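Put together the whole structure using the sequences plus the hints.
Protein chains: 2
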Amino acid sequence: MKGSSPATPGGSENFTPKFDAQGLLTAVAVDADSGEVLMTAFMNAEALEATRASKKATFFSRSRQKLWVKGESSGNFLAVEEILVDCDQDCLVLRVRLPAEGAACHTGERSCFYRRLPMSGPAKLERRSIKA
Amino acid sequence: MKGSSPATPGGSENFTPKFDAQGLLTAVAVDADSGEVLMTAFMNAEALEATRASKKATFFSRSRQKLWVKGESSGNFLAVEEILVDCDQDCLVLRVRLPAEGAACHTGERSCFYRRLPMSGPAKLERRSIKA
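Respectively, the protein sequence lines represent chains A and B.
The first sequence lines up with residues 38 to 169 when you count with our numbering.
The second sequence lines up with residues 38 to 169 when you count with our numbering.
Hints are supplied without guarantee of correctness; some may be wrong.
Covered stretches of chain B, as calculated for chain A (at least 3 residues, CB under 8 Å) [claimed, not checked]:
no. : stretch
1   : 51-64
2   : 69-79
3   : 108-117
4   : 146-153
No lab work stands behind these hints, which were simulated from the structure alone.
The structure displayed is predicted, hence computed values, not measured ones.
Don't be surprised by glycine CBs; every beta carbon is placed ideally from N, CA and C.
And the structure:
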């Protein structure tokens, strides 16, 4: 996320993640093919290491205070192809693949972002009419 | 983000954002055409209202504890075309347009996510070789 820490464009650089006060990074899972944002969640250091080791997106549940392998109950595992890191190393983008016909959202929707807030007028959510 | 709150797929629904303990939502800005993730930041209620009113992405700076119109110093405003809301209403995706040749990242990169963490081996960042 935007911050004051310096970045070093180009060249190799050590990964020194900036975990927040709760020891977490924000992780944004996007479809590896379309780039569509599927969901966001949090990772602590252990979740990130588990994700790299298993190639399955593994998050930290703030409500349950424990690791959570996405899909462990639903079967909708997110196969991680690439992990991108932002300029100040406090946010990750995971390029992932869902199972065929899979859903990233617990509602059964492919993406958690299946509604839109109109840019003007009453603050009522609408179903998205187009794919981002 | 994944949570236990119920969602109502389909139909119209009131927007009842679930701000965190600091009064913030996570906002993910993506390119309106390509879907590429450009940056992430935070919004409080005032930032969201300013974004809807001005159509320019406006965030809340945690370090400066004030509203921040993205691009106010660099000129790299993010023109917001659509705001998507996730299932449990604690995260937003902003579909935005950068100026021609614009950069969302303060380093001058188009996207803050210009580096990758390899899926195995030493935790060294590499420049991305492909566009997500």
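Each hint, compared with the structure:
1. 51-64: Per the Cβ count (3), the hint holds.
2. 69-79: That given contact holds, which follows from 9 residues of the stretch 69-79 of chain B lying within Cβ reach (below 8 Å) of chain A.
3. 108-117: It is violated: at least three residues are needed, and the stretch 108-117 of chain B offers just 1 whose Cβ sits closer than 8 Å to chain A.
4. 146-153: holds (count 6)
Comparing the model with each earlier hint shows a violation of hint 3 alone; every other hint is respected.
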